[in-house]
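Enquirer: Let the sequences and hints guide you as you build the complete structure.
First to last, the sequence lines map onto chains V and G. Going by our numbering, the first sequence opens with residue 746, and the numbers climb by one from there. Going by our numbering, the second sequence opens with residue 73, and the numbers climb by one from there.
Just so you know, the hints here were simulated from the structure itself, not pulled from any lab data. Be aware that one or more of the hints could be misleading.
[What the hints assert, rightly or not] Calculated pairs, BS3-like style, for lysine-lysine (alpha carbon to alpha carbon, straight line, at most 30 Å): (1) G:K142 - V:K813; (2) V:K805 - G:K81; (3) V:K813 - G:K81; (4) V:K857 - G:K155; (5) V:K801 - V:K850; (6) V:K850 - G:K129; (7) V:K853 - G:K155.
[To be verified] Which residues of chain V face chain G? A few of them, derived with a C-beta cut under 7 Å, are: (8) G788; (9) L789; (10) L792; (11) E814; (12) F848; (13) G849; (14) K850; (15) G851.
Backbone N, C-alpha and C fix where the C-beta goes; we use that ideal spot for every residue, glycine too.
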Amino acid sequence: GDSVTQMEGPVTLSEEAFLTINCTYTATGYPSLFWYVQYPGEGLQLLLKATKADDKGSNKGFEATYRKETTSFHLEKGSVQVSDSAVYFCASSYGGSQGNLIFGKGTKLSVKP
Amino acid sequence: DGGITQSPKYLFRKEGQNVTLSCEQNLNHDAMYWYRQDPGQGLRLIYYSQIVNDFQKGDIAEGYSVSREKKESFPLTVTSAQKNPTAFYLCASTARWVTEAFFGQGTRLTVV
Numbered sequence: 746g747d748s749v750t751q752m753e754g755p756v757t758l759s760e761e762a763f764l765t766i767n768c769t770y771t772a773t774g775y776p777s778l779f780w781y782v783q784y785p786g787e788g789l790q791l792l793l794k795a796t797k798a799d800d801k802g803s804n805k806g807f808e809a810t811y812r813k814e815t816t817s818f819h820l821e822k823g824s825v826q827v828s829d830s831a832v833y834f835c836a837s838s839y840g841g842s843q844g845n846l847i848f849g850k851g852t853k854l855s856v857k858p
Numbered sequence: 073d074g075g076i077t078q079s080p081k082y083l084f085r086k087e088g089q090n091v092t093l094s095c096e097q098n099l100n101h102d103a104m105y106w107y108r109q110d111p112g113q114g115l116r117l118i119y120y121s122q123i124v125n126d127f128q129k130g131d132i133a134e135g136y137s138v139s140r141e142k143k144e145s146f147p148l149t150v151t152s153a154q155k156n157p158t159a160f161y162l163c164a165s166t167a168r169w170v171t172e173a174f175f176g177q178g179t180r181l182t183v184v
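Expert: What follows is the structure in structure tokens.
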């Protein structure tokens, strides 16, 4: 079945460091791909998305490119801030509705000043 | 402001009791979803509903029940049949054929 695998955390970086969180997916069709962010004690917020191959999603300095050939959707940011500390979830859609999401296990990011 | 409201934020239940988690949305979204979040496990789909008076089981529906009598409401009941109910529960909604899922703030359920 469909699945999403993302790198395990926790990831600890210094402020202004470069961030990469790897995400790969398996799917029988052509899913849309998402990155969600969760701050402590809160729900999930959509960070960025891509709906087809070679699309690049971007928001708040974060970027991810839908790579069909490598079935990947890695999250990157050139210079992280302390306020980026959160848990990041990669997700793919299935079943014809963007709400039927398969999530990775999440990667906790801590940014130190 | 439009959004999804989950209540209560924290809930304690004694073993053997049923408990109902509330989820209300004023986004006029057609579809609503319940997810369970456990540490290190990501999110798993419990139930979803694409339309009023209709819902489908997700991956981990056993021990849970839902209803969808109104478009804006999708309550989740955690029954005594759920063996390990302590978790963080998230409700979400989407408009038809729109890519973004909106999430509520979650309810943390603890069995005592």
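Enquirer: Could you check the structure against the hints above and give me the numbers of any it violates, in ascending order?
Expert: 1, 3, 4, 10, 11
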